[in-house]
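> What follows is each chain in one-letter form.
2 protein chains.
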Amino acid sequence: MTRSWWGWGNVEDAVDETELRALLNRVRALVPGDLAGHEPPGIASLGLPAPRVTPPVSLAALCSAELADRAAHAHGKAFRDVVRNLQGDLRHVPDLVARPRDERDVTDLLDWCGRAGIAVIPYGGGSSVVGGVEPRCEDHPAVVTVDLERMDRVLEVDSTSRAARIQAGVFGPRLEDQLRPHGLTLRHFPQSFEFSTLGGWLATRAGGHYATLYTRIDDLVESMRVVTPSGVSASRRLPGSGAGPSPDRLFLGSEGTLGVITEAWMRLQDRPRWRARASVRFDDYAAAVAATRAIAQSGLNPANCRLLDASEALLNAGVSVGGGVLVLGFESAGHPVHRSLERALELCRDHGGEASADTRAASGAPSGSGPGEGTAGGSAVDTWRSAFLRMPYQRDALARHSVIAETFETACTWDTFETLHRAVTEAARQAMRETTGTGVVTCRFTHVYPDGPAPYFGVYAPGRWGGMVAQWDHIKAAVSEAIETSGGTITHHHAVGRDHRPWYDRQRPGPFAAALSAAKTALDPAGILNPGVLLPAR
Amino acid sequence: MTRSWWGWGNVEDAVDETELRALLNRVRALVPGDLAGHEPPGIASLGLPAPRVTPPVSLAALCSAELADRAAHAHGKAFRDVVRNLQGDLRHVPDLVARPRDERDVTDLLDWCGRAGIAVIPYGGGSSVVGGVEPRCEDHPAVVTVDLERMDRVLEVDSTSRAARIQAGVFGPRLEDQLRPHGLTLRHFPQSFEFSTLGGWLATRAGGHYATLYTRIDDLVESMRVVTPSGVSASRRLPGSGAGPSPDRLFLGSEGTLGVITEAWMRLQDRPRWRARASVRFDDYAAAVAATRAIAQSGLNPANCRLLDASEALLNAGVSVGGGVLVLGFESAGHPVHRSLERALELCRDHGGEASADTRAASGAPSGSGPGEGTAGGSAVDTWRSAFLRMPYQRDALARHSVIAETFETACTWDTFETLHRAVTEAARQAMRETTGTGVVTCRFTHVYPDGPAPYFGVYAPGRWGGMVAQWDHIKAAVSEAIETSGGTITHHHAVGRDHRPWYDRQRPGPFAAALSAAKTALDPAGILNPGVLLPAR
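Residue numbers (our numbering), protein chains in the order written: chain A, 397 to 934; chain B, 397 to 934.
These are computed hints drawn from the structure, not numbers from a lab. There may be inaccurate statements among the hints.
Just so you have them, the derived chain B footprint on chain A, three or more residues with Cβ under 8 Å [claimed, not checked]: (1) 594-603; (2) 616-626; (3) 803-811; (4) 896-907.
Just so it is clear, CB atoms sit at the ideal spot from N, CA and C, and this is done for glycine as well.
Same shape as in the complex, but just chain A:
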């Protein structure tokens, strides 16, 4: 397999001709426009400047100055990243890509960069969609991207406590491969599972497989090791502790600004043996939301509880429905879960929901190994799940055909959801009228909490080749403004990076910003770590 330098995932997995034709046919009805295709540029044609720095001899073997490496590490994987790549617009490229083999290498790299004032971009899978790995570091003489991919091992497994010590650079599949012989699993399956790393999940507080309860990676952390320019911060393995503010919670979500996460003890699960799932149709969206809220507050804690609105159901699950489709799933390693599903379906019926024929309970079924596990079959659930994993590839194909296809996400309390949903949808539509003429907004819930949902919006609009970044930025600014003023968070699990800064700065309490900034100065006195992310570059 070959990783794409300009787009999502593996070159071999890109959308083929058949998939492309079907995709364009589906999209044509929604977004009329010029659907001519464009080829990505060759790397040699990008005219990248020469590296501005040479590593010391002792670190030379860790560092690559190859064009392909530098180009592939210039951007994350947001729509605007892919479009800029397609147009050969790479203004910020790391001078070097360093691949440490162990913590000592990380320390040595930070020491060198600290002495030379070189900016450091900690890098996991590079799947950031918020400019989190893009080296916009004008104030530094050079930039080194520190790619952790060589630190990819499970170092220790404690089956008694169900935990493992894991290096931060491991990608999802290889992590699960190493846990499988022990009968254990992390069960953290973000959409980026195949192309993102443990360290990236921790640094960005990634959202995972579980729609309820263990929604974010934060709660799965037992302890962490973080290399900072001021030393290694190593927390103690503890199931819980009330000794002062949590050290781990400072580094979770620090997005590479406070240190480089090198390893963590992670809480694991036994592999699930019992499963039950269903999809439920609603004629009315408000009723579907009410049913989802009832389930979120029931204490049933489904592993999957994803409400697709009518557009999302149609576009990505091929289901035509008036209000929405709720995708429900329960799982357990220890006991049957069909009664929990039955109770959840009862709550759905109370709100007019009708379970589809694909409702089923599986017991003792063989376990798969990833986000697509156990998806054989032709149900709405299955269709949506397969689509879920194909989405980024399809987005890239659409981008090549001047279709704007991007997502954004938030979370809010239940009492504000209706207002927020309306404000965001109208802001998106208004912005599309202004910049693309037309377009579609969809909404699904990726995670739900007793006190509110995490809505995830999709935007599909006809773009103008050469102008799509500005068009998207216009839409994104409008919806971010709507989220901010409606009381949502600028991000539930995509992180802040550089692109969410204007709204994050308004959302974040002022005194906390001062505290975080002081903590940053204490840990990174030279200000070399991911400058411009979370805090202003110094």
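Could you slot chain B onto chain A? The hints should help.
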């Protein structure tokens, strides 16, 4: 009711003659020694120095310089606090006790103290057992204790999202009283429930009612307002957010060193309607631990899962058993829970556990309002629960009769529990041999996690009147050392305060200490907030 100035809770609820006789008879067998009683001193006899400071006219109405107030705010409620009170040993007494009525008052108080360099001790219910509210602030010209008790209202209830905006100074019972008309409950019932406040729970990361899942107050917080000397930090109401490191998690566990928590939006629960509970006897302690671990890792998430060892069962539940007693409880507002209990009992039987005759499932039973709710009956569960609430009163009575009765707690991963348990127990016994000649150590689990338990130890030993503080300090130092070197945390839910500092300082990662210290300086540049707690006084 009148609060005791020197001991736990209400004067009227103190141990009476009948309870005292029974208590001393029980204890006599375990801790031979002089059991003569001693009276607490009168406040007038304490010889407290005059206040060193006079409040400005604008704040005078908020401030009390009364001897009784100052004496009652001098110590927390640890055994060593009670003993020192009984012996009239009050070396550190606040100069004034201020009772702000609203956030503006808090700001004004901090402004005044900041200008004058006066130390400020934020104070909730004063039930600290770690020196957290004791004004050992030699470097400051005066000390003002800021008691939040007047800020005790539920300001807003959002039934849709099941959350409420609550002032920090509210005590447990009054909080539940205000939520009850809405059919909602916080269900946070620490042993101190009646005598501790929301703000205190948040500042110390208190452990509550739930033995699993929502063990600590941290997870029940939606947003917080904190008055710092550098301004008010107000986080946004959100069910979840991945926007940078969590602002709330910096203030949770900050123990009054970063600011004064004035209010919080808290996540609430519907009042439970279904309950099922049981107690299970084990002949072998290791088997009991294994069964508890199996339940903790089962995903069944019991509300109650407290393993008492044989001594704890005998002393506090009146049950004679070889290995231990596991107290199990399930509850739900939405669905029956007896199947969860059945499954948990199955796991117990796998490890040789035998459910007692008091096993029962309740459905639609009337809900009580506190930690002792629904405890009518004579089972081991009931006996233990009643004892649980009487323990602090009995400890005070024992202290008056020269019996050392105190607890300490920790958490560790399952793989280290056996080693830690042995090390701690042996350290306690060795220390008792050295300082009291004899004594008993008991252990129960207050909370359990998939990756480890939170063991809570009790110590009962014959003290020497006039020497009990030194005796206890000797024992406490020995067990803290054992906890620290065995990989446990110096505190799971009692906080750090001033007394746990030596071990906390070793447990806490160095770079995190530097970050926390820098955050403290940014928020509290004059260093007036609870000096000596968590960090060295400046």
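> Each hint needs a verdict: does it hold in this structure or not?
Cross-check of the supplied hints:
Given a C-beta distance limit of less than 8 Å, the hint that chain B covers the stretch 594-603 of chain A holds, as 4 residues qualify and 3 suffice. Proximity of the stretch 616-626 of chain A to chain B, defined as three or more residues with a beta carbon under 8 Å from a beta carbon of that chain, is established by the 4 residues found. As drawn, the stretch 803-811 of chain A meets chain B at 5 residues by the rule of a beta-carbon pair under 8 Å; at three or more, the given contact holds. Counting residues of the stretch 896-907 of chain A whose beta carbon lies closer than 8 Å to any beta carbon of chain B gives 7, which meets the minimum of three for the stated coverage.
No hint from the list above goes unmet by this structure.
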